[in-house]
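Take the given structure of chain A and dock chain B to it, following the hints.
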Amino acid sequence: ELKVEQNPLFLSMQEGKNYTIYCNYSTTSDRLYWYRQDPGKSLESLFVLLSNGAVKQEGRLMASLDTKARLSTLHITAAVHDLSATYFCAVDIKGTEYGNKLVFGAGTILRVKS
Amino acid sequence: NAGVMQNPRHLVRRRGQEARLRCSPMKGHSHVYWYRQLPEEGLKFMVYLQKENIIDESGMPKERFSAEFPKEGPSILRIQQVVRGDSAAYFCASSPLLRYEQYFGPGTRLTVT
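From first to last, the protein sequence lines stand for chains A and B.
In case it helps, this note's numbering puts the first sequence at residues 45 to 158.
In case it helps, this note's numbering puts the second sequence at residues 5 to 117.
A hint or two may mislead.
If you anchor each label on the Cβ, the simulated ranges turn out as follows [unchecked claim]:
1) A:Ser95 with B:Gly7: 23 to 29 Å
2) A:Ser95 with B:Gln84: 33 to 39 Å
3) A:Leu53 with B:Glu56: 37 to 43 Å
4) B:Leu42 with A:Arg155: 18 to 24 Å
5) A:Gly97 with B:Gln84: 47 to 53 Å
6) B:Glu22 with A:Met57: 40 to 46 Å
7) A:Ser158 with B:Pro12: 35 to 41 Å
8) A:Ser95 with B:Ser91: 36 to 42 Å
9) B:Val87 with A:Asn68: 32 to 38 Å
10) A:Arg104 with B:Gln85: 29 to 35 Å
Bear in mind the hints are in silico, worked out from the structure with no lab data behind them.
Note that the coordinates shown come from a computational prediction; the quantities given were computed from them, not determined experimentally.
All C-beta atoms, glycine included, are put in the ideal place defined by N, C-alpha and C.
Here chain A stands alone, though its shape is the one from the complex (with noise of 0.2 Å):
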């Protein structure tokens, strides 16, 4: 059973850091997602990263994937306060070849302080 683990769940940092969330996942996947949700929001594709090495940049967040590994990070570079929100990563499990579904870590809370 594949299983995805983020940490740290919970994160509260001051504007103006760098920090780094952190996902590990059990098994060989082909993709790994990452998601941004505001609270009673829908999720926001944030990152597609599909290869061994891919390394996505949008604004302050840049995303990285180590296959090898199995680990994924999400970084955030000089926070600000409209980061606040929960990130999700997720890992799809291959089906059939019309489709996969997509397993996710229990989420990390981020909150930016002024």
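Using the frame of chain A, we list chain B on its own:
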């Protein structure tokens, strides 16, 4: 192109009643996934459907829950005889044929009183 639509957005049911949650996938998408998010937890896969077919229901509780995606109309997740533990946010996602990325709807927040 409208996104994934779910209705109702909020649903309140008393214990023992039935809940019907609807999901209209994005235009051109033939696959629908349902996920449940309990308070303070991540999303858990429930069921994956194609038109008129259940592909994978390994995450569905064995009793009281059912899902369908008819040839015409939205996908429906049906919960019979709801209990307080069913209170959660239910998200639907869709994807096109032979593509991996899933697009999530706004969710239906079910409260059982």
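Hints, one by one, checked against the model:
no., hint, in the structure
1, A:Ser95 with B:Gly7: 23 to 29 Å, "holds (28 Å)"
2, A:Ser95 with B:Gln84: 33 to 39 Å, "violated (44 Å)"
3, A:Leu53 with B:Glu56: 37 to 43 Å, "holds (40 Å)"
4, B:Leu42 with A:Arg155: 18 to 24 Å, "holds (21 Å)"
5, A:Gly97 with B:Gln84: 47 to 53 Å, "holds (48 Å)"
6, B:Glu22 with A:Met57: 40 to 46 Å, "holds (44 Å)"
7, A:Ser158 with B:Pro12: 35 to 41 Å, "holds (37 Å)"
8, A:Ser95 with B:Ser91: 36 to 42 Å, "holds (40 Å)"
9, B:Val87 with A:Asn68: 32 to 38 Å, "holds (34 Å)"
10, A:Arg104 with B:Gln85: 29 to 35 Å, "violated (47 Å)"
Against the hints set out earlier in the document, violations occur for numbers 2, 10.
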